[in-house]
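S.K.: Whenever a hint applies, use it, and build me the whole structure from the sequences.
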Amino acid sequence: MNMASFRTVIGLEVHVQLKTRTKLFCRCSTRFGAPPNTQVCPVCTGMPGALPKLNRRALELAVLAGMALHCEIPRFTKWDRKNYFYPDLPKGYQISQYDLPVSQNGYLEIGDDQGRFASKRVGIIRAHLEEDAGKSMHDEAAGVAESRIDLNRTGTPLLEIVSRPDMASAREAKAYLTELKLLLEYLGVSDCNMQEGSLRVDANVNLHIDTDSGTIATPIVEVKNMNSFRAVERALEFEARRQYDQWRQTGERLGDVPKQTRGWDDQREVTVPQREKEESSDYRYFPDPDLVPVVWSDAELAAIRQRLGASPREVRSRLIQEAGLSAYDAGVLVQQGPAMIAYWDAVIAEGVSPKRAANWLQQDILRLLKERSESIDEFPVSAEQLAELLRQVESGKLNTTRGREVLTVMVEEGRDLVSSMESLGIREVDASELETLCRELLQKNPSVVEDVRAGKVKAIGALIGQARKLNPNADPGAVRNLLMEMVNRS
Amino acid sequence: MSLTRSSAIELNRLFVSGEVSAREIVQTYLERAEQWDRRVGAFLELYRDEALARADELQRKRDSGAELGALAGVPISVKDVLCHRGHVTSCASKMLQRFESPYTATAIERLLADDAILIGRTNMDEFAMGGSTENSALGTTRNPWDLDRVPGGSSGGAAASVSADFCPIAIGSDTGGSIRQPAAYCGVSGLKPTYGRVSRYGLVAFASSLDQVGPLARSVGDLAVALRSLAGYDGRDSTSAPREVPDYAASLEEAMAGVRIGLLEEQLSQLHPAIRDAVTGAAETLASLGAVVEPVALPHAEYGVATYYLIAPSEASSNLARYDGVRYGLRVEAADHAEGGLVGMYGATRSRGFGPEVKRRIMLGTYALSAGYYDAYYLKALKARRLIQDDYRRAFERVDLLLGPTTPSPAFRLGELTDDPLELYLQDLFTVTANLAGVPALSVPAGLTEEGLPVGIQLQARPFDEARLLQVAGRYQAATDWHTRRPRIA
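Protein chains in written order, with the working numbering: chain A, 1 to 490; chain B, 1001 to 1490.
Since the hints were made in silico from the structure, they are not lab data.
Some, not all, of what chain B presents toward chain A, calculated at C-beta under 7 Å:
1. 1237
2. 1326
3. 1346
If you're wondering where the values come from, they're calculated on a predicted model, not measured in any experiment. Just so you know, even glycine gets a beta-carbon here, dropped at the ideal spot from N, CA and C.
M.R.: See below:
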């Protein structure tokens, strides 16, 4: 039997933690990593009589994200209760948004710099604000199953971004996530740190298969427990294959079986059926009577829109158009995040050529950051210092190799440019010094002179090597030029 | 006049002037409560030592010449539904029987800031659900006028504590009549303020969009002083109103000529004759004091009870989800339940922790919010609520106040209606609409039945027009003496 042709259909639900100092409905800190249950109060632990009070900044960040995703921002938004029992949900309901989310109907443009898929817009159905639940920790040591609950995270503001099922491959899904993460980082809306749980992804996936009797759809499966973008990509690749095989075996179509939830097993690289939450089907949403709806004025929305900076997409085209970078180079730089772009802009502002700056940032700075496990904010060499160094290289006072050595000293010893050069013994070699050096070399190597005269120009290379040993500061190019000149003159 | 018959205003004056010590006042009330409350059962706990210590502390404050609050020296009882740090807040439920609150409700903070002396917490229907206090899981409260009868509810202990002269002011809460109905049954004055007038922070929620904290007292003058203390904006309650609090006591002195009063004639049929006489008598009295009395109607008020018994249980079903045995309050392990584990623990805890009426309302509300029923019940109720609000708005275009009965009948006998919840719900007929519309309403004593039971009339006003409400009720009490009648506890 031939392989029938099919299309993968993927929609993603992404939860991102908004970058606020305090929780969504109380003043507790959102800091990650504190000892369990030390960032809690009557409100976020669901004490009797405690009431939520909206964190205005969280709402504004949600609107900002919605705007960047080209969403409509409805004038009226409200909060609803999603009711279900779970030990890490203190109130027995989650405050979320049901029918009137803070933003809706937008899109995110994705592309691939290697052209593996055509650029496209992935529709955004909605992006709504909600509070996070706590964390259950199951300790089954010593044969006694015991569950403990940490409520530090409870009430942390989350933005749930629901895409349309517009992605046709795992690669597109990964590109969407990468671009979304970058966008939110550029906006300053979220840190999008998957390890700390500030970005979580669930996927809905099925296949549209062409058969002789028309196109059929396989049952939609929700895939959870994907802890990295790479895991998302692999899980979706696996799931598409699995659904195809399943269809071949059972012929099951959408609607034949209830929607299934599967979890990604990173070790075994398979998706496995997940146990559903005890009470899942009917959340009995209703408007939260403890909170008042928000009605936006034009002025309020305009003020938020003013805070909208350039999107990664816009920064990329600026780098391509204004600085003449290739799409690939621009992509690599933008990928590093807004702090790197600020650094880049500062280097360029000092008059360094964009191409040179791009090369150094990509090759040297990124390597050093990786080696040192640092972010660009923590990097000891400021943009101005780097620009100074690159100007030395540009003017020929330093060659690239020497430039790298200087940079290493600047980074490792925290010295400025001048002192780093001094510590390497770098100083300018003046014309008479250079002439003396070359004359000595020619006198000591008459055979080389003869070879060159005989047309073996390459032979001069041996002298350049010797020159470097005698005086490391001598510029190899200048040495070559002078040697050739002297040979030809004599 | 004996201290136990003095108004709060008078007690404050006696204390501030130095004629009577705070300890003497508190001692007198405590002794009376200790002597008689075994029969009445108004209190779940008397704060004897704490109240005396506070009296001494206030005495020192007074003697040092420091400025004193308007409630200095006044003993006040608090319905056991307001959180008070370091004190049990049980809501008369087994679920919270031993729950000690980690924080203090705003209403209590305000009373304490005005130097009130809290002398104990009063009995109530479990989680404020009921109209007789018979739903308390922790004790029986009797009507001081006839110990075989109920005090009303849910603030039955509060009303009884004032009626029996255990304190001049009691703090209650009113979701559908829970202050006004027991006030009427026990022959005291009770005020439900405008929704948003008093902070709900720390008031254990029954139905969040209807709940409101308010005072009960022997006179309207004392209600005015208590409201002044309780009322005001609170940043911790999003539904609290950012409005000035007028000097209610000052408005009591104003003449009421020209005040337009709408008589709710439709509510006069099917009333106990003594109540009908009380309402018509009050209309005549008020007219003689210069008010213009005319008939008005609230055409949709007849749907009030049906509307209320969808909205209140719906909100309650969600509000009470937090009592799950996980973090505080009662926990019954799963071994006691058919299902094991977590679900078993939930089931066992909630089965044992809640009484039958609470369970009934949780089930009603869960049903009304369920998928497939939401539109027909909860949403329909919201629409009916809007119609009732419109009725009020239209009525208040014509008149300043509405006059009618508080209840259809006087206090019934203990056990008389326990098997007939529907009949019991109908006792709320005249009171629930004020909660649905959010308007302020009060009940004042206005007569006695042939058997010598007190009956009440209800006055309702525009939102935030408590000053007018208190003014007219105050004029009424100046012209009549029903509120001065006291029961003989025997």
